[in-house]
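*Asks:* Below are the chains, spelled out letter by letter.
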Amino acid sequence: MTRAVGRLSKHAVLLVATAAALAPVYVMVSAAFKSQSSFLDHPWALPLHPTLSGFRAALADQFPRWFANSAILTSSSVAITLTLAALAGWGFARWDFRGRDTLLGLLVSLMVVPPVVLLVPLFVFGVKIGWISTFRLVIVIYVGLMLPPSVYMLANFFRTIPRSLIEAAVCDGASSWRVFRYVVLPLSAAPLVTLAIVNLLWVWNELLIALVFLQDDSKKTPMVGITGFQSRYSLNVPVIMSGLTLATLPIVTVYVFGQRFFVRGLVSGAVRASEAQPMSFARPARLHLHPRRAKRRRR
Amino acid sequence: MWSGAFYVVVEAITMVSWVFNYVYVMTNGQGGPGDSTLVSELYIYQTAFQYQAPEVAAAAATILFGATLLLIVLFFRVQRRTGLAVE
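If you read the sequences in order, they're chains A and B. Heads up: the first sequence at position 112 corresponds to 112 in our numbering, and the numbers run straight through without jumps. Heads up: the second sequence at position 85 corresponds to 85 in our numbering, and the numbers run straight through without jumps.
Next up, chain A with everything else stripped away, as it sits in the complex (with noise of 0.2 Å):
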């Protein structure tokens, strides 16, 4: 009797916490179908009679040219960040360099700075090299403000990894690169996808310093744009709500495919490190000229 109540009280706070989530969405997919009369009326209502004028007046506007802006500037910039990430992790891993853990440990911390900080002086040096207002900067700002969290849960899956198939691979002849490319990376698809996806929805959803960083009209991405839709259509709630629809589409979209790897990819960074020994890859190098003594090591 007890567990049923406490079964029930349960999935009644879930329930609220999802209707309280998806309220917003709601109202912003709605409104968009409506005209800006209706949905003052009526902002709760069911769209009866569906309009399309809102998404015409935004598409008719630059939002499509906003749109590949931001396609440009996610996939690059993930693209770079991911290779990076993933050789450095590997790199954090496996290889015993000198001040490795000071490394680690410096790269951990840059995670908490806000980008924020980093703003002015960034400005200066864009302006100094005179890059303000191209992509190139923006996708070098964002490579380097996701390339510490992301090398760090790569490095913490790396560990992971089960030293025997590594010595597997090793004993087979493969070199460094070959048990990378053709052991690790296979192994690592599912982090890979949750990395990529957590960083898409952070470059796409990024305002900060898209901002700053983009200031002519034809480079800017659609979350600057649609901010600026406010004064421009002096409030017109359906016109911002379909740029707000559209914007949403692509990323609600890769959410949704990447989803089977997005969970267990969060756990296997995030949370499975701390069981896994913390330096079980210290000394592979020599592994391959002493296969028996690497098996004794072992344990």
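Quick caveat, the hints were computed from the structure, so don't treat them as lab data. The beta carbon of each residue, even a glycine, is placed where N, CA and C say it ideally should be. Hints may contain errors.
Listed next, the in silico SDA-like pairs over lysine to any residue satisfying Cα-Cα at most 25 Å (straight line) [what the hints assert, rightly or not]:
#1 A:128 / B:62
#2 A:219 / B:21
#3 A:128 / B:73
Under 7 Å between C-beta atoms, here's a sample of chain A residues computed to sit facing chain B [unchecked claim]:
#4 107
#5 109
#6 112
#7 116
#8 117
#9 207
#10 208
#11 227
Starting from the known structure of chain A, arrange chain B on it as the hints suggest.
*Replies:* Same frame as chain A, now just chain B:
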């Protein structure tokens, strides 16, 4: 478990910097009504790029950086005392 706790701390700090987005969008970049939603990120942004006072913005950014540094140092201290490594 400590790795998990660390993840939560980092995520919380990251979430806090999201507040800028909400405030900027909702208040048209002003932090209104009055200055009641003027968060530190918005303050730095405003002084640097709207009021043309980058030196004030840099000072505010340094204070913010000091605060986060303090948090992370504290976290490492506590962690070392309990004898558990981050990695």
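*Asks:* State for each hint whether it applies.
*Replies:* Here's how the hints hold up against the structure:
1. A C-alpha spacing of about 21 Å is found between residue 128 of chain A and residue 62 of chain B, which places the hinted pair at or below 25 Å, so the restraint holds.
2. A C-alpha spacing of about 19 Å is found between residue 219 of chain A and residue 21 of chain B, which places the hinted pair at or below 25 Å, so the restraint holds.
3. Distance check on the hinted pair: residue 128 of chain A and residue 73 of chain B sit about 33 Å apart at the alpha-carbon level, beyond 25 Å; violated.
4. Here the hint on residue 107 of chain A is broken, as its CB sits about 11 Å from the closest CB of chain B, past 7 Å.
5. Interface hint at residue 109 of chain A: satisfied, since its Cβ lies 5 Å from the closest Cβ of chain B, which is below the 7 Å cut-off.
6. For the restraint placing residue 112 of chain A at the interface with chain B, the shortest Cβ-Cβ distance is roughly 5 Å, inside the 7 Å limit, so the hint holds.
7. The interface hint given for residue 116 of chain A is met, as the beta carbon of that residue sits about 4 Å from the closest beta carbon of chain B, less than 7 Å.
8. Given hint, residue 117 of chain A at the interface with chain B, holds; its Cβ is 5 Å from that chain's nearest Cβ, closer than 7 Å.
9. Proximity of residue 207 of chain A to chain B holds as hinted, the smallest CB-CB distance being about 5 Å (cut-off 7 Å).
10. With a cut of 7 Å, the hint placing residue 208 of chain A at the interface with chain B holds, because the nearest CB-to-CB distance is about 6 Å.
11. For residue 227 of chain A, the shortest C-beta to C-beta distance to chain B is roughly 5 Å, which falls under 7 Å, so the interface hint holds.
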